[in-house]
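Sequence order for the protein chains is Y and H. Under my numbering, the letters of the first sequence match residues 1 to 237, in that order. Under my numbering, the letters of the second sequence match residues 238 to 483, in that order.
No false leads were mixed into what you were given.
Calculated pairs, BS3-like style, for lysine-lysine (alpha carbon to alpha carbon, straight line, at most 30 angstroms):
#, chain 1, residue 1, chain 2, residue 2
1, Y, K222, H, K469
2, Y, K79, Y, K114
3, Y, K182, Y, K157
4, Y, K3, Y, K222
5, Y, K157, Y, K72
6, H, K455, Y, K231
7, Y, K226, H, K455
8, H, K371, Y, K18
9, H, K469, Y, K214
10, H, K423, Y, K18
11, H, K469, Y, K171
12, Y, K16, H, K329
13, Y, K171, H, K481
14, Y, K75, Y, K18
15, H, K422, Y, K16
16, H, K422, Y, K18
17, H, K481, Y, K221
18, Y, K182, H, K481
19, H, K481, Y, K174
20, Y, K157, Y, K70
21, H, K292, H, K245
22, Y, K18, H, K329
23, H, K469, Y, K226
24, Y, K214, H, K481
25, H, K309, H, K347
26, Y, K155, Y, K182
27, Y, K79, Y, K155
I should point out that these hints are in silico values taken from the structure, not numbers from a laboratory.
What follows is the residue order along each chain.
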Amino acid sequence: MQKLLEIKKIYHYYGKAKALEEISLKIEEKALDAVIGPNGAGKSTLLRVISGLEEPDRGKIEFLGERIDKLKAHKITKKGISHCPERRRLFFDMSVADNLKMGAYTLKNKEVYKVMKNFVYELFPRLNERRKQRAGTLSGGEQQMLAIARALMSKPKLLLLDEPSLGLAPKIKKRIFDVIEKIKQEGTTTLLVEQDAVLAMDVAENIHLLEEGKIEMRGTKKELEKEPRIKQVYLGI
Amino acid sequence: MGVILEVKNLTKKFGGLTAVNDFSFEIKRGEFIGLIGPNGAGKTTVFNLISGFEKPSSGRIRFNGIDITGMKPYKIVNLGIARTFQLVRSFKYLSLLDNITVSCLSKRGKEVSKKTGTDNYASSILASVGLIDKARIPPIILPHGDLRKLQIGKAIGTNPELLLLDEPFSGLSFEEQLGITDLIKKLHADGVTIFITGHVLRELMTLVPRVIAMHQGKFIADGPPVQVANNKIVLEAYLGRGAKIA
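I would like the entire structure built from these sequences, with the hints used as guidance.
What follows is the structure, encoded as structure tokens:
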């Protein structure tokens, strides 16, 4: 399989505090990879560095063979990377439909826009029912659905998903993760960042465990399931 | 060892959200104890309730046998509870020495500074947190690690019996974390009861002999770190539902 994204020895600092240390990561086309780890491990920073919200202090990021680590976020979006941020960051005063339109601003073709709109409404029938409603009045689960749908509207080659389970009840979490699996089956390459290790390991093919900015371990669910290191990383001992 | 802090059925609601839910525990004088829980568990709210920054919806808090429930922070600090904040706060344009001096002028701080002189007392605190060579510098131009130390210094200036430290390690480099660890250990050795939160657990779990774990506002476990880390409910709170102990 062709590799879509390759991260080579990335470092990132906030002041003196090291957020990312020598991170290398390859994502193949059509894969679903997950980065797990406790709060503060550097998971969100990793996504921010990929989508250009932060410039890495050292290292290279290649997307489809081309270096993107010095590009600004809006240029990276145009190349086909879409970032669904932590805590959703919706346009709360805009309708569901307008939020989706905002997600599609890089699309030049009206037909593609229609196709994508139908695609996300099919994926989340709930959003179709509420398309005229203000985003801020949706429930937590619906807001998360909208955030994912908005990120999909630009028809990305790579979808970055930051903590889609945050603050949701177990049942809703499960529903969101069913959709994440469906998105994968439809062929969108996804890099998922998630604190809920159990959920992430259930859907992802490759799992990368992050601890204090370093990749501690990686493998498939089968390889990591019996691994005591995961518990140690989360609980400190 | 007597009980220094008694928290009983503590509950705090913010609108429809119950941030702290029927939470009870006790801390004995001289203890060194951690409060853990995943992001959003309610740790900071517990600290806000104990230190008077928030009023509980119900429940009781007793310090040295005195009911301090709903008391104002400045009264609580005069009884002997000091705290630090997750996000550092300081008087940005005052010198470090003046920052510490402010807290040395509190009621309990004065009990010490009366004997030694305020300047001497403030200087000795700055020295103990490792900032004495920056005494004349204002916080605005200092790095985050120094501000964390300053925060602890300001809390010490009030001469507390119980010190609440909210995420003292967050945003620090490894070396800076070690410096803070040493400082906290020294304070505990000097007789201050220490209650400390953290969501990054590597430092915390090896530092304290006892931790209380909470999740979604509720008490879930209490005991030595190794025992709490192997508790099934704690594990699920951190790793997700269905997590197994490998």
